[in-house]
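Number of protein chains: 2
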Amino acid sequence: MNKINSLRWIDGALELLDQRALPLRVDYLRYNNAADVAQGIRQLVVRGAPAIGCAAAYGVALEALRLQHQARDAFIAGLDRAMSILAASRPTAVNLFWALNRMRARLDASFDHALPAIAADLLAEAHAIADEDVRLNRAMGAHGAALLANNARVLTHCNAGALATAGHGTALGIIRSAIEAGKRIEVYADETRPFLQGARLTAWELQQDGIPVTLIADNAAGLLMHRGEIDAVIVGADRIAANGDVANKIGTYTVAVLARRHDIPFYVAAPLSTIDRATVNGEAIPIEERAAEEVLGYGGTQWAPAGVAVKNPVFDVTPADLVSALITERGALSTPDRAKIAALFDA
Amino acid sequence: MNKINSLRWIDGALELLDQRALPLRVDYLRYNNAADVAQGIRQLVVRGAPAIGCAAAYGVALEALRLQHQARDAFIAGLDRAMSILAASRPTAVNLFWALNRMRARLDASFDHALPAIAADLLAEAHAIADEDVRLNRAMGAHGAALLANNARVLTHCNAGALATAGHGTALGIIRSAIEAGKRIEVYADETRPFLQGARLTAWELQQDGIPVTLIADNAAGLLMHRGEIDAVIVGADRIAANGDVANKIGTYTVAVLARRHDIPFYVAAPLSTIDRATVNGEAIPIEERAAEEVLGYGGTQWAPAGVAVKNPVFDVTPADLVSALITERGALSTPDRAKIAALFDA
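Same order as they appear, the protein sequences are chains A and B. Just so we're aligned, residue 407 is where the first sequence starts under the numbering used here, counting upward by one. Just so we're aligned, residue 407 is where the second sequence starts under the numbering used here, counting upward by one.
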């Protein structure tokens, strides 16, 4: 059992830790059908590419359980609709589509069974996706931990932790694994405007584990690097193109450019399910734009003047040539490119 | 008369526009002595290097008026104390020290006069500093406007506008002058965490003048540059070293690094009084650290978890080699360096 659970299955329903309320309140919201799960994803109750994938898988399972006593046609049509609704919830993170494809494949494999058996199979598949996610994160953690020196000061952007996954985390999983291996690691967390995943989630999550963390404004990363106070950068990813370009939280590209200027290694940690071999390069990754309100203020408080125009793209693309290594469950891939990534899948 | 006045002299007292309350409230606070002005500077009621200089000059004048009927010894001791208190209010912006030196020189020149005459002279000097600031900003505006193409999309960081000066502004003054010259200019304003000068002040100030402005999270600047949506960057400065290194609001260095990567011109607009020839390079500029509360949340609302460590340096240094041109009242100095800056003062 993890200390922090972004999602959990309890008494036949999915519960999502409401990440909008963190760190002020630790609330779990309960979900019984796919449309509500899709809304939870859209509203950022759950976020982080791997966690979104897990939530979507459970969304399909919930719908199957809900419809298992209906006619077969209605059941299949309902699952199709559920998958469409879930697929439309957020555009950038590819794990969402990967998880839905896995659920579709399991549905196809179970197609001849009775509906309750199909529903049970789909729930088992969702559990498998979540369990596997934690296992992969632990594998990634071991590979990545080897890259961190004792006493390393690691900058991270956004939250690629237990809260962004089914447990352990990708970027923060590497930090956890390094600490479990006996290293002392200090984390700098970019606050990550506009949604403040760093200030609210990464800071809180690391505090829960007693890992030393210092919060900074996103603007301060350059000065800290210039002063020699950052030894490595580790971030997660929402989608990695076939050539190694990385879509991740807005501002990640800036951190990568700064890291390159200061010769600081810039690591990306993500499972293979985050690599989208159908996306040729970063230019082809859809970048979600969210509401102006996120930039005008925070959580109901507005500090910008009324009526001002806003642009709020919430992801950006870091070109592969700025990535020192891509850390997956299969190991650390230095200076990733199209050929190396293709080879990773054939391994 | 400017439309926006960061400071004004009314009925024998200094009034400062409370920039902590903008844009929600337009409140002027009234000051009658130097210690209160110093506190206003420290608390960011007034901010922006030139405006701080003007406020400090008025602080000295207020003290002289307050003490003009005391004994000469008490008067001089009081002014000395006032200048010390004002000098200790904020460490980075050099215009503060420049303005105090000017007031000290005026005091020395008037030393033999009766105290009320000295006080009148000091008030005249404070008015002269403020009037001159607006004139210099207009000169800078004309020089800088020539560098902007029609339809230019200009990114700015923090607020180097009328609110940061006695009027017209440095960086925003160039934009105003370009528009007065008939050009169409679109501004992107970085929100500028943690104190949100971009979201609160630049957005509001440009709205007052009907200048098109789009607010973005600091994290979005890299993506916009990558997409080709930024044609130039203009920022102000808090102190410029003798070699051209520029201390300015935290995050400015990041914007400069991004601009260089995308071959976008990066302009710094500042009067000669911002150049500190006694500071050999950027490493010698003191960088103010402010309270953790500024990063933990905003305006009394805290969103970060209690007890998390914070680093809050509020300025950084952009090395001269990232500056495309330094725009002063004497013209635009391309690729500034020690020799060119020295020559500027001899011109």
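The set of hints was computed from the structure by calculation and includes no laboratory data. Hints may contain errors.
Chain copies aren't distinguished; within one or between two, either way the pair holds.
[Stated by the list, open to error] DSBU-like mimics (lysine-lysine), calculated; alpha carbons at most 30 angstroms apart, straight line:
hint, residue 1, residue 2
1, K746, K717
2, K409, K589
3, K746, K409
4, K717, K589
5, K409, K717
Subject >> 30 angstroms Cα threshold - placement of K717 relative to K746 >> reply: neither (35 angstroms within a copy, 39 angstroms between copies)
Original post:
Quick one: K409 to K717, C-alpha cut-off 30 angstroms, is that within a copy, between copies, both, or neither?
Top reply: Between copies, since 27 angstroms is at most 30 angstroms while 37 angstroms is not.
Subject >> Intra- versus inter-copy proximity for K589 and K409 (alpha-carbon distance at most 30 angstroms) >> reply: within (21 angstroms within a copy, 58 angstroms between copies)
Original post:
Given identical chains, is K717 near K589, meaning Cα to Cα at most 30 angstroms, within a copy, between copies, both, or neither?
Top reply: The answer is between: 23 angstroms across copies meets 30 angstroms, while 41 angstroms in one copy does not.
Original post:
Given a CA cutoff of 30 angstroms, do K746 and K409 count as a within-copy pair, a between-copy pair, both, or neither?
Top reply: neither (36 angstroms within a copy, 60 angstroms between copies)
When each numbered hint is compared with the structure, violations occur for hints 1, 3.
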